[in-house]
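Residues per chain are reported as follows:
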Amino acid sequence: MATLLQQLINGLVLGGLIALIALGYTMVYGIIQLINFAHGEVFMVGGFASLATYSYFIPESWRSDWWVALPLMALGGALVAVILAVIMERFAYRPLRNAPRLAPLITALGVSVVLKEAVRLFYPGATAPVPFPRVFVDEQYTFEIFDGTITIGSTAILMIAVSVIGAVVLQTYITKSRMGRAMRATAQDPDTARLMGVNPNRTIVLTFVIGAALAGIAGVLYGIQITNVDTEVGFLYGIFAFTAAVLGGVGSIKGAVIGGFAIGLIKSLAGQYFPGGTQYDLVWIFVLLIVVLVFRPQGLFGEPERVRA
Amino acid sequence: MTALLEVENLSVAYGAIEAVRDVSFSVEEGQIVSLIGSNGAGKTTTLRTVSGLLRPKAGDIRFDGKSIANADAHEILERGVAHCPEGRRLFGRMTVEENLHLGAYVRKDAGVAKDMARVYELFPVLGQRRQQKAGLFSGGEQQMLAIGRAMMAKPRLLMLDEPSMGLSPIMTQRIFDTIKELQSQGTTILLVEQNALAALAQSDRGYVVDLGRTTLEGPGHDLLADPRVRAAYLGED
Ligand SMILES: Nc1ncnc2c1ncn2[C@@H]1O[C@H](COP(=O)(O)OP(=O)(O)O)[C@@H](O)[C@H]1O
Ligand SMILES: [Mg+2]
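Chain order of the listed sequences is A and B. According to UniProt numbering, the first sequence holds residues 1 to 309 in order. According to UniProt numbering, the second sequence holds residues 1 to 237 in order.
Simulated from the structure, these hints should not be mistaken for laboratory data. On a predicted model such as this, the values are computed, not experimentally measured, just so you know. It is possible that some hints are incorrect.
With a straight-line Cα cutoff of 25 angstroms, these simulated SDA-like cross-link-like pairs (lysine to any residue) come out [unchecked claim]:
#1 176/A with 78/B
#2 57/B with 80/B
#3 133/B with 301/A
#4 176/A with 57/B
#5 254/A with 74/B
#6 176/A with 98/B
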């Protein structure tokens, strides 16, 4: 019982991280039907940028106060991720907006290779995992429960909290604000949104910016939880997040969050209880994906087909 | 006196297909002007070009004396041209109220709430069901919402593309009454219709579009009496 609870907590932590990244996939897909495969690398770059903020910009005397260092690192990570996403949108995807869908997809794959290799080449020591400073208070809370103990770290609590708060704030912004309305309008019917006076380029850039900021923050959270950053994780977490977005119904904010948590939970539970253990935990993620898509091809919360009223 | 909208020798192409070849017309401030013509004549293409969704291949479009031929759609709306598109094109997954808010997207003045109340007054069914999704409404109700949404931009020129399409005669009459009402409140109207009889009867001026060209023009009642118009568009011979 204690083991089960522990695995559920681990699953939620991983799930929150995946959900934060998945939001960027789902929003960009919702508005321009592009699967931005480079988004996982944006998350990875966010991790490195937050590390660089710590190493090169935060004075020694500030580093021990996590409530100073951590927000600054998150800001640095998110800022670099956002700048990257804006450049990517402007120069890689915008020129292909009316091209056949395969062209931007392949471009996205190309961009992701470029980003990964650029970090490997130019970040000192990035050919191997780079240690991440333990800036956050690393309190471990232990509870005696049923037949054993469970441990939850303060980092884990922070990760779950940030992902849930991030998703709620985003959902509120999209449903209630003027710009959120413009984004939904552009997603539903771009031409008619233009007739309302919505500037499509501005709306699309904003979508990329929000997704990248969340991925950048996810990069810092990954760093403090795993205690290193690695150029290899962009691809893996990109796949997790992409799968989460598809599972939840690509285009749906709620779907991306639920999909993220579902994948986190399946991975940690399968690693513990399913045949093959952690060696086969990724298999079960895709089994879940296939089962869901067989019964609901549009994903859990996706719209069946784009209907233009 | 220059007209509010002047379209001069407009030509528009979809790739190699030239849908509009030579369309010229003008709309004086305060008038209702209609473009009539059979299916595929190029009326919708013309309106989409005026509102900036398509770029002209040749010719000029002037609004209030200034060329808008190469302006972006949102700039054209900001200058005062609203377009209620063919097939209504509501945001079906959003509520009535959200659709109206989008209509007022570019406005920064404080009068939005008052204008929304006016739309609800004009179309009470929308007011009663303002929190329901637009996609759930009947065709006539959707057309009311589409017109209301375009009104929310407070345009000087309102372009309506086939507002009576698919509606019952009673509903069509209501839509035409609303158009008259809008005109009496000072909005200039450019109307595209296949329902030539109803459109010309209400219009100060009409133009016939045929195979991408404006071929006949005149005051609405004169065109209604023109034997060529009667033969081609009113099914008489
Ligand atoms: N998106 C498009 N691509 C190619 N051809 C089009 C497109 N839209 C309309 N057309 C063609 O342009 C011509 C004019 O169409 P349209 O402007 O819709 O006419 P109308 O509104 O008068 O019925 C038609 O021959 C139509 O087939
Ligand atoms: Mg048409």
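Quick rundown of the hints versus the structure:
Distance restraint check for residue 176/A and residue 78/B: the Cα-Cα separation of roughly 23 angstroms lies within the 25 angstroms cut-off, and the hinted pair is therefore satisfied. Simply put, residue 57/B and residue 80/B have alpha-carbon atoms about 23 angstroms apart, close enough for the 25 angstroms limit, and the pair holds. The suggested pairing of residue 133/B with residue 301/A holds, with an alpha-carbon distance near 17 angstroms, which does not exceed 25 angstroms. The hinted pair formed by residue 176/A and residue 57/B fails the criterion: a straight-line CA distance of about 40 angstroms is larger than 25 angstroms.
The hinted pair formed by residue 254/A and residue 74/B fails the criterion: a straight-line CA distance of about 31 angstroms is larger than 25 angstroms. For the suggested pair residue 176/A and residue 98/B, the alpha carbons sit about 9 angstroms apart, so the restraint of at most 25 angstroms is met.
In summary, the numbered hints that this structure violates are 4, 5.
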